[in-house]
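Asks: First residue of the sequence shown? That's 1 in UniProt numbering, and the numbers climb one at a time after it.
No lab work stands behind these hints: they were computed from the structure.
Idealized CB from N, CA, C, for every residue including glycine.
It cannot be assumed that every hint is accurate.
To be verified - Here are the simulated EDC-like pairs of lysine to aspartate or glutamate, each with C-alpha atoms no more than 20 Å apart in a straight line:
hint	residue 1	residue 2
1	K105	E87
2	K105	D45
3	K105	D120
4	K105	D63
5	K105	D68
6	K105	E71
7	K105	E21
8	K105	E89
9	K105	E121
10	K105	D36
11	K105	D35
12	K105	E61
As the list claims (entries may be wrong) - Distance ranges between label pairs, derived from CB positions:
hint	residue 1	residue 2	range
13	S17	G95	27 to 33 Å
14	A18	V126	26 to 32 Å
15	G23	N122	26 to 32 Å
16	E89	A59	19 to 25 Å
17	S73	P97	16 to 22 Å
18	D35	N112	30 to 36 Å
19	G95	G67	21 to 27 Å
20	D35	R10	21 to 27 Å
21	E89	Q114	25 to 31 Å
22	N112	E21	32 to 38 Å
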Amino acid sequence: MSEQAVNNLRIPICASSALAERGRGVRFPVTAWGDDAVAFVIRYDNVAHAYLNRCAHVAMELDWNEGDFFESSGLYLMCATHGAVYEPETGRCAGGPCRGGRLHKILVEESNDQVFWIPDENVRPVLA
Numbered sequence: 001m002s003e004q005a006v007n008n009l010r011i012p013i014c015a016s017s018a019l020a021e022r023g024r025g026v027r028f029p030v031t032a033w034g035d036d037a038v039a040f041v042i043r044y045d046n047v048a049h050a051y052l053n054r055c056a057h058v059a060m061e062l063d064w065n066e067g068d069f070f071e072s073s074g075l076y077l078m079c080a081t082h083g084a085v086y087e088p089e090t091g092r093c094a095g096g097p098c099r100g101g102r103l104h105k106i107l108v109e110e111s112n113d114q115v116f117w118i119p120d121e122n123v124r125p126v127l128a
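Please model the entire structure based on the sequences and the hints provided.
Replies: Listed below in structure tokens is the structure:
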């Protein structure tokens with residue numbers, strides 16, 4: 001697939017209604033830097049935000065249980081392994097061992113009650 005074709009893709013993730021405000025996220029498969037990986041989308045301040053499911057501190061998945069990314073107050077995303085916390089709207093480290101780091105943000109769009117993700121130069125659709 002050409003670079004232009006990949007950059008014009010909008011890949012469906014889930015129905016908009018699947019994302020509750022500060023609730024469970026939806027995981028989806030991606031290829032990140034050539035390797036199989038997982039990304040996730042959450043809703044915060046009524047906006048969908050997606051990230052590669054990889055802590056900036058140590059490359060571990062964040063969720064406590066599948067889809068559980070928010071810490072108990074619902075204000076931050078939190079890595080279950082080391083307690084690093086991230087701002088849901090930017091992915092910037094807000095505390096813990098991820099100092100100065102950030103999650104890799106994935107561009108998402110919502111239209112017709114559906115959430116889509118858009119590949120970038122590092123995060124692409126899963127290779128067949």
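Asks: Hints first: check each against the structure and report whether it holds.
Replies: Tested hints:
no. : hint                    : in the structure
1   : K105 to E87             : holds (11 Å)
2   : K105 to D45             : holds (17 Å)
3   : K105 to D120            : holds (10 Å)
4   : K105 to D63             : holds (16 Å)
5   : K105 to D68             : holds (18 Å)
6   : K105 to E71             : holds (19 Å)
7   : K105 to E21             : holds (18 Å)
8   : K105 to E89             : holds (9 Å)
9   : K105 to E121            : holds (12 Å)
10  : K105 to D36             : holds (17 Å)
11  : K105 to D35             : holds (17 Å)
12  : K105 to E61             : holds (14 Å)
13  : S17 to G95: 27 to 33 Å  : holds (32 Å)
14  : A18 to V126: 26 to 32 Å : violated (20 Å)
15  : G23 to N122: 26 to 32 Å : holds (28 Å)
16  : E89 to A59: 19 to 25 Å  : holds (22 Å)
17  : S73 to P97: 16 to 22 Å  : holds (19 Å)
18  : D35 to N112: 30 to 36 Å : holds (32 Å)
19  : G95 to G67: 21 to 27 Å  : holds (22 Å)
20  : D35 to R10: 21 to 27 Å  : holds (23 Å)
21  : E89 to Q114: 25 to 31 Å : violated (21 Å)
22  : N112 to E21: 32 to 38 Å : violated (20 Å)
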